[in-house]
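Going line by line, the protein sequences match chains G and E. Using this note's numbering, the first residue of the first sequence is number 45, and each one after it goes up by one. Using this note's numbering, the first residue of the second sequence is number 51, and each one after it goes up by one.
Hints in this document: simulated from the structure, not taken from any laboratory. As the structure is a prediction and not an experimental result, all values here were calculated from the model. Quick reminder that beta carbons are idealized off the backbone N, C-alpha and C, glycines included. Any given hint might turn out to be false.
[Said to hold, decoys possible] No more than 20 Å apart at the CA atoms, straight line, and that leaves these computed lysine to aspartate or glutamate pairs for EDC-like:
| id | chain 1 | residue 1 | chain 2 | residue 2 |
| --- | --- | --- | --- | --- |
| 1 | E | K246 | G | D306 |
| 2 | E | K243 | G | D280 |
| 3 | G | K68 | E | E252 |
[What the hints assert, rightly or not] Sample of chain G residues lacking proximity to chain E, with all beta carbon distances greater than 12 Å (derived):
| id | residue |
| --- | --- |
| 4 | V81 |
| 5 | T91 |
| 6 | E200 |
| 7 | G320 |
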Amino acid sequence: MSDFYKINIVTHDIYRLHDTSGDKYHPEKPGRITSVVEHLKKGMLSTNLNFIEANCPEREWILKIHNNNYLLRFEEACLAGKEYLAHPDNRISYNSFEAAFYSCGSGLTSIDYVEKQTDGVFFCLSRPPGHHSETSLALGFCFINNVAVAAKYWQEKYNRERIFVLDFDAHHGNGIQASFEEDPSVFYASIHEHPTFSFPGTGYADDNGSGKGIGATLNIPLKPGSGDKQVLEIMDTTIYDALERFKPDAIIVAAGFDAHIDDDMSGLAFSTRLYGEIGMRLFVMAKKFCDGRIISILEGGYNINALCNSIETYLAGISIKTGE
Amino acid sequence: MYISEYMTKDPLKINPDLTISQAREILDSKHFRHLPVVDDNGRLLGIITDRDIRSAYPSSLAPDEERKRTLEQTTITPVGSIMSRVLSTLSPDATLDDALLFFRKHIVGAIPITDKENKLVGIFSIRDMIKAYSNIFGLGEKGSQLIAVEDDLDKKNIMSLIVRVLESNNISFTRIMRTGSRIYIRAQSYNIKSIKAALESEGLNLIERKVDV
Ligand SMILES: [Zn+2]
Numbered sequence: 045m046s047d048f049y050k051i052n053i054v055t056h057d058i059y060r061l062h063d064t065s066g067d068k069y070h071p072e073k074p075g076r077i078t079s080v081v082e083h084l085k086k087g088m089l090s091t092n093l094n095f096i097e098a099n100c101p102e103r104e105w106i107l108k109i110h111n112n113n114y115l116l117r118f119e120e121a122c123l124a125g126k127e128y129l130a131h132p133d134n135r136i137s138y139n140s141f142e143a144a145f146y147s148c149g150s151g152l153t154s155i156d157y158v159e160k161q162t163d164g165v166f167f168c169l170s171r172p173p174g175h176h177s178e179t180s181l182a183l184g185f186c187f188i189n190n191v192a193v194a195a196k197y198w199q200e201k202y203n204r205e206r207i208f209v210l211d212f213d214a215h216h217g218n219g220i221q222a223s224f225e226e227d228p229s230v231f232y233a234s235i236h237e238h239p240t241f242s243f244p245g246t247g248y249a250d251d252n253g254s255g256k257g258i259g260a261t262l263n264i265p266l267k268p269g270s271g272d273k274q275v276l277e278i279m280d281t282t283i284y285d286a287l288e289r290f291k292p293d294a295i296i297v298a299a300g301f302d303a304h305i306d307d308d309m310s311g312l313a314f315s316t317r318l319y320g321e322i323g324m325r326l327f328v329m330a331k332k333f334c335d336g337r338i339i340s341i342l343e344g345g346y347n348i349n350a351l352c353n354s355i356e357t358y359l360a361g362i363s364i365k366t367g368e
Numbered sequence: 051m052y053i054s055e056y057m058t059k060d061p062l063k064i065n066p067d068l069t070i071s072q073a074r075e076i077l078d079s080k081h082f083r084h085l086p087v088v089d090d091n092g093r094l095l096g097i098i099t100d101r102d103i104r105s106a107y108p109s110s111l112a113p114d115e116e117r118k119r120t121l122e123q124t125t126i127t128p129v130g131s132i133m134s135r136v137l138s139t140l141s142p143d144a145t146l147d148d149a150l151l152f153f154r155k156h157i158v159g160a161i162p163i164t165d166k167e168n169k170l171v172g173i174f175s176i177r178d179m180i181k182a183y184s185n186i187f188g189l190g191e192k193g194s195q196l197i198a199v200e201d202d203l204d205k206k207n208i209m210s211l212i213v214r215v216l217e218s219n220n221i222s223f224t225r226i227m228r229t230g231s232r233i234y235i236r237a238q239s240y241n242i243k244s245i246k247a248a249l250e251s252e253g254l255n256l257i258e259r260k261v262d263v
């Protein structure tokens, strides 16, 4: 029997009120959270779980990344009963604005706990996701860039100057990249399906930041059909080296699970097991490079079954006690 | 599809009696590879490239005496005497295909664009060509993905069927390309489930990327 560290799941009931069911094929639905909760409670990690309620973040933190007019427009659209924001992909309902705030709050809440030296690992089980949204742009089911806001928060509230973001969602996190393109203090590394094929069509290997931020953006596009072999090699070489060179004070993982072979939202073919392997490596690297300061924030993952199993396996990987 | 959208309009141009060394200064300071040469009425006479200029300068292996003489020459010789006379140009309403064919035929880095009176109105370089095609293929355009559908010659009007399905389902798209056995759609949406459902309901087959390494 393996032994695991405490697994803190930061989540909130309001996430289920962000209702996208007006489009019957909309993949970003409340069941993504509720099913995972149920699955984890029944599974092998059940005795290690500790559920924490996400706090609502102060607006000032969200304004570090987003434009106030954009937030007002978003709120107004929800209250006015609009069906979507900017593009039919971004379905909204009456409570979406509030849900998006609390979704962002999950990251900040986790950071507070990490900084209070709380035991265990932290996973933000939140929605709507964030990594496609930009300053004044809702895109790809995302409204508020949870990871980008968390990076700013960690830097400015706790003086953790150097933040490393690893994004293993199947899609390029254009919003995170745009937020820190010129900022050498936040390193954005993304492993995603090649932009020639995949949404959102950004994240070419050639993009490596701009201005002072050159070298602090690392895009690793994968050919459709790529899977475990390619990713493990990248984790052990490219990502390890980038972390070693960057010397982060903290790591934020944009943890999306839509690269799973059973998830039809991407052309990648990751196995469930791969997420466990990634988790184990991240645990070791966070220990080695930044005193274990790491949080993970959910991004995509749309095949409910694959999502449940992948998150569970990832959590097992990142929390397993390796005889030390 | 017209080169006028992508060319450099009203480009920097020089007079044929400028000296070689003056032309060199301009090329170097602006990091240009070529300069069009025009007469007093703005009519195109020729084009001078960084290569033409370089070959007017002495070789570093030449004896001192000869070097000195050749260097002196560059300060008095007009560019008009060493420029390439331009025999072919394109007009602003030439298309990108015309430009592509031009580059395939002539070994040049840029095409002078002239109007009916042979007045220079622009210059279209290979770099402009790359920009134009990146634009047309939507390179780096945010918010889209490429959907591949199996082509089916037995299906009548498959192209119009695709367009109709996309439009009636409010799925915006910017390009449809037919290449051999596949039809590629650049769809402006993340919601592949809706796209799939719409296309499949009309009997169209999407090609899964996962198995398509
Ligand atoms: Zn994704």
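Now the hints, each set against the structure:
{"no.": "1", "hint": "E:K246 - G:D306", "verdict": "holds, 15 Å"}
{"no.": "2", "hint": "E:K243 - G:D280", "verdict": "violated, 34 Å"}
{"no.": "3", "hint": "G:K68 - E:E252", "verdict": "holds, 18 Å"}
{"no.": "4", "hint": "V81", "verdict": "holds, 23 Å"}
{"no.": "5", "hint": "T91", "verdict": "holds, 36 Å"}
{"no.": "6", "hint": "E200", "verdict": "holds, 28 Å"}
{"no.": "7", "hint": "G320", "verdict": "holds, 20 Å"}
In this structure, only the earlier hint numbered 2 is contradicted, and the remaining ones agree with it.
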